[in-house]
Amino acid sequence: MNILELRNVTKRFGNFTAVDKVSFSVQKGKVLSLLGPSGCGKTTTLRLISGFENVDEGSILVSGKDVVNKRPYERNVGLLFQDYALFPHMSVEQNVAYGMKHRGFEKKLIPNRTNEMLELVKLIGFEKRKPGQLSGGQQQRVALARSLAISPEIILLDEPLSALDAKLRQELRFELKEILNTVNATTIVVTHDQEEAMSLGDSVIVMNEGKIIQEGHPTDIYEKPNSKFVAEFVGRSNWFNGNIVNKADDGILKIKTTEGFEFNILESLTPELSNGNYEICVRPERISLEKNEIIDEDSYINLLPGKVVDVAHLGPDIHTVIEVSNKRMIKVVEKYTGQVLKNNGTNVNLYFYPKDCIIVSSEK
Amino acid sequence: MTKNRSTWLLLTPGIILFLILLVAPITNILDESLRLFVPGRIGAAKDAPYTLFNYTELIDKAYFFYLYETFRFGITVSLISLVIGFPIAYSIARQKSTLFRKLAIGFLIGMMFLNTLVRVYAMQLTFGPTGYAKFISGIFDISPNGRGYTELIVMLGLLHYTIPISVLTLIGTIQNINPRLTEAAQILGSSRLKSHLNITVPLCVPGILSAFLICLTLCLSAFVVPMVLGKGKVLFISNLIYARFSEIANYPSGSAVAIIMLVVSLSVIFIISSFVSSRWSTK
Amino acid sequence: MKRSIDNFGTFFSVINILLAFIFLIFPIIVAIIMSFDGRSYLGLFPPPEYSLRWYERFFSDAYYLQGLKTSLIIAIIATVVSTTIGVSAAIGLDRYQGIGKQALESLFLSPLVVPAVVIGFALLMFFAALGIFDGFTRLLGGHLIITFPYTVRTTLAGLVGIRKSLTEAAMNLGATEGQAFWDVTFPLARTGIVAGSVFAFAFSMDDVAVSLFLTSPQTYTLPVAMISMMRTNFDLTIAAAAVILMTFTLCLIIILDWVIGLDKIIGKGVYRS
Numbered sequence: 001m002n003i004l005e006l007r008n009v010t011k012r013f014g015n016f017t018a019v020d021k022v023s024f025s026v027q028k029g030k031v032l033s034l035l036g037p038s039g040c041g042k043t044t045t046l047r048l049i050s051g052f053e054n055v056d057e058g059s060i061l062v063s064g065k066d067v068v069n070k071r072p073y074e075r076n077v078g079l080l081f082q083d084y085a086l087f088p089h090m091s092v093e094q095n096v097a098y099g100m101k102h103r104g105f106e107k108k109l110i111p112n113r114t115n116e117m118l119e120l121v122k123l124i125g126f127e128k129r130k131p132g133q134l135s136g137g138q139q140q141r142v143a144l145a146r147s148l149a150i151s152p153e154i155i156l157l158d159e160p161l162s163a164l165d166a167k168l169r170q171e172l173r174f175e176l177k178e179i180l181n182t183v184n185a186t187t188i189v190v191t192h193d194q195e196e197a198m199s200l201g202d203s204v205i206v207m208n209e210g211k212i213i214q215e216g217h218p219t220d221i222y223e224k225p226n227s228k229f230v231a232e233f234v235g236r237s238n239w240f241n242g243n244i245v246n247k248a249d250d251g252i253l254k255i256k257t258t259e260g261f262e263f264n265i266l267e268s269l270t271p272e273l274s275n276g277n278y279e280i281c282v283r284p285e286r287i288s289l290e291k292n293e294i295i296d297e298d299s300y301i302n303l304l305p306g307k308v309v310d311v312a313h314l315g316p317d318i319h320t321v322i323e324v325s326n327k328r329m330i331k332v333v334e335k336y337t338g339q340v341l342k343n344n345g346t347n348v349n350l351y352f353y354p355k356d357c358i359i360v361s362s363e364k
Numbered sequence: 001m002t003k004n005r006s007t008w009l010l011l012t013p014g015i016i017l018f019l020i021l022l023v024a025p026i027t028n029i030l031d032e033s034l035r036l037f038v039p040g041r042i043g044a045a046k047d048a049p050y051t052l053f054n055y056t057e058l059i060d061k062a063y064f065f066y067l068y069e070t071f072r073f074g075i076t077v078s079l080i081s082l083v084i085g086f087p088i089a090y091s092i093a094r095q096k097s098t099l100f101r102k103l104a105i106g107f108l109i110g111m112m113f114l115n116t117l118v119r120v121y122a123m124q125l126t127f128g129p130t131g132y133a134k135f136i137s138g139i140f141d142i143s144p145n146g147r148g149y150t151e152l153i154v155m156l157g158l159l160h161y162t163i164p165i166s167v168l169t170l171i172g173t174i175q176n177i178n179p180r181l182t183e184a185a186q187i188l189g190s191s192r193l194k195s196h197l198n199i200t201v202p203l204c205v206p207g208i209l210s211a212f213l214i215c216l217t218l219c220l221s222a223f224v225v226p227m228v229l230g231k232g233k234v235l236f237i238s239n240l241i242y243a244r245f246s247e248i249a250n251y252p253s254g255s256a257v258a259i260i261m262l263v264v265s266l267s268v269i270f271i272i273s274s275f276v277s278s279r280w281s282t283k
Numbered sequence: 001m002k003r004s005i006d007n008f009g010t011f012f013s014v015i016n017i018l019l020a021f022i023f024l025i026f027p028i029i030v031a032i033i034m035s036f037d038g039r040s041y042l043g044l045f046p047p048p049e050y051s052l053r054w055y056e057r058f059f060s061d062a063y064y065l066q067g068l069k070t071s072l073i074i075a076i077i078a079t080v081v082s083t084t085i086g087v088s089a090a091i092g093l094d095r096y097q098g099i100g101k102q103a104l105e106s107l108f109l110s111p112l113v114v115p116a117v118v119i120g121f122a123l124l125m126f127f128a129a130l131g132i133f134d135g136f137t138r139l140l141g142g143h144l145i146i147t148f149p150y151t152v153r154t155t156l157a158g159l160v161g162i163r164k165s166l167t168e169a170a171m172n173l174g175a176t177e178g179q180a181f182w183d184v185t186f187p188l189a190r191t192g193i194v195a196g197s198v199f200a201f202a203f204s205m206d207d208v209a210v211s212l213f214l215t216s217p218q219t220y221t222l223p224v225a226m227i228s229m230m231r232t233n234f235d236l237t238i239a240a241a242a243v244i245l246m247t248f249t250l251c252l253i254i255i256l257d258w259v260i261g262l263d264k265i266i267g268k269g270v271y272r273s
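Chains as they are written, first to last, in our numbering: chain A, 1 to 364; chain B, 1 to 283; chain C, 1 to 273.
Careful: at least some of the hints might be erroneous.
What the hints assert, rightly or not - In silico lysine-lysine, DSBU-like type, Cα no more than 30 Å apart, as pairs:
no.: 1; chain 1: C; residue 1: 2; chain 2: B; residue 2: 96
no.: 2; chain 1: A; residue 1: 21; chain 2: C; residue 2: 164
no.: 3; chain 1: A; residue 1: 211; chain 2: C; residue 2: 2
no.: 4; chain 1: A; residue 1: 177; chain 2: A; residue 2: 167
no.: 5; chain 1: A; residue 1: 128; chain 2: C; residue 2: 101
no.: 6; chain 1: A; residue 1: 107; chain 2: C; residue 2: 164
no.: 7; chain 1: A; residue 1: 130; chain 2: B; residue 2: 194
no.: 8; chain 1: C; residue 1: 2; chain 2: B; residue 2: 194
no.: 9; chain 1: A; residue 1: 177; chain 2: C; residue 2: 164
None of these hints come from the bench; they were simulated from the model. Values in this document were obtained by computation on a predicted structure and should not be read as measured data.
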């Protein structure tokens, strides 16, 4: 059942089209991540859904009813602001109870539900505190409790984890998922952080310049991006540009790159195109520096010789930069499991499978 | 109610207030200033003919003198206030102790709130014949009854008002200057004094100009200070208007002077503000 | 060499502060001391003996008391009306995003830059043209227009500091615009509003230039009474009046500190040292 549906929603500010014929839907109990760089229109979309901007064209249906003419307080949509927007002059429990008061909840039921919400976000005992006395993570939980207290049909989270430091972000990400699951909330998360988007979302929509570029399961977006933009945005990449030179058997194609390298790629992963020119992306973590990790000798594995120019030990990972030809640098990321680090200047071979080559058309 | 309607409803009482109590009266004296004054009648006749005489009459050395006097005092006093006020503002701005800041700012606001009459009267008691007139005029070697001493007292009276105001204005400006900048200058070898002259002061220039403008505007409109402390020897434009009104009842001429004073004040403000905002664009 | 320059500079700075402080406070102290002068005439400072005679004179002088009463009444009414209309205007200004916003703001703050004499004179002429010769009405009009900018300015400053997301959060949770204003904006803007009222009251009590034009023989404010006494009978009753006014000022400062905290009036700036 679609809780939320956007149909051809368009919003312009003067000559600038912030949201361009955007259509998507969210099913009950699911989490959708809207991912994109600043200015891509994701925040505007959020404000259109919550009612703080008016659409120029299109309709927004909440549980089947078009809400474009409704004021924010007439929509049953929850919104978690990026700066939390907790009322500084009210206590935690007053903040959480605010929505219930104004949406006509029965007075005697409010204290119970407030309690329920605070228990959900694990902040029992904080009722009388003021927002100024809370840490960033605690403020976020109060804001979440406040938004969920009114049982909205859909809840919108605006960059929920961006204001927190890295460690806290990981903890809260898990807790957030748990909380949203417990109440079976239908959710949209808006973010510019691909980790946030992929870890929270059941599906991901990548936006740029007001349009939807790709929609799908996080894994699909990561493994099969439909454009260079999406590929770059959701993960680290090494890029090559080349044309198909011939077709080997077993669904393998051979591509020759501008540097003169020849790669094997899978035909099934290669999109149809008009000019025969492709961009090939190989993710750093899919490249191996050790031959003895390869199992299948007949797998048409690709090999590139090169020389180590930089090694950085980042704790759980090792980031190595390898020069494969004149000034062409390739990034490789491996898990650190106690192996000996390579020295600069060492000659190495880079190994990667055809299935790990992401092929996108070189047209925009 | 839509947002627009409610917004206009909120603005309307204020707009009406202004139309009645400011716009209409000024328009009225503008009209009055263009009418012929008939001596012997109070004010101008209802149907007096229009004339520019009230204005042309003022193009006279005597009246330029008033303008000159007012500006002379205004600019001098404003400059002195800034020079004295800046170091004071700096020490308050960089003060870490909240209690000291509170006391200092409270004192300054108190000085600003102080009733003008009280101020002027206190100056009169202190620097007048029953006070230290002889002592101070002795320092400057001038007669305590002469014009020089009167001018000095008028300036002191103005300073008593402008110094607290310039300090309060400058505190805000200085607080927005990064203290690390002067530290950076000092580690590069400059003395502390030089680091302030080269870095703090130049960065504060927009704020300094605003403070100057505020002091100048206050001095130009000064009325009580020159009236009481000036003893009739020092006269500002505002005193001229009052004289026209109370002594001669030449309302058209008084109106003309008032209009000129208004135009001059607004021009000064406009020129300095435009200059500040064009060179230092506001965020 | 640089060290001695710095020491010199610090020395001068300290002297500057001390001299300025003495300059500012000394006349006040002289006035306070003289108000307790025991002599029956205005003699040289300092007084040889002390008494409360001048205060007795003040409180038994109907002329002064009438002025004080009028001053207080006008100040209170002007402050209340100014605050109401001023807060309303400030809210309107904060919400208004159309053309002419800057011009409207300048208009509302304009009495601060129009010379007081011009305001007083213009109002007098205008009231006369309308046939209004009643001193109280005229004074009230004058005080209204001069106190108004203070209430608008501080309220607006307070409103501008309130994040838009707070009212939006309230509306998202179900509050209408009006409810959001009362629940969120107004409590947070309260300090700005109160500060504006304090300023308005202080400057109404202080006003001389505008009041001089608008008083009538029956209705006059205390500063006007003091000025005419200064011209006719320059004695120390005026000192007593001055001290009483100073006490008012002190009370206002204390109220300001209690409501906002004096160190916060200027704010802390972007960098805390």
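Hint check:
no., hint, result
1, C:2 / B:96, "holds (26 Å)"
2, A:21 / C:164, "holds (28 Å)"
3, A:211 / C:2, "violated (63 Å)"
4, A:177 / A:167, "holds (16 Å)"
5, A:128 / C:101, "violated (41 Å)"
6, A:107 / C:164, "holds (28 Å)"
7, A:130 / B:194, "violated (46 Å)"
8, C:2 / B:194, "holds (9 Å)"
9, A:177 / C:164, "holds (28 Å)"
When each numbered hint is compared with the structure, violations occur for hints 3, 5, 7.
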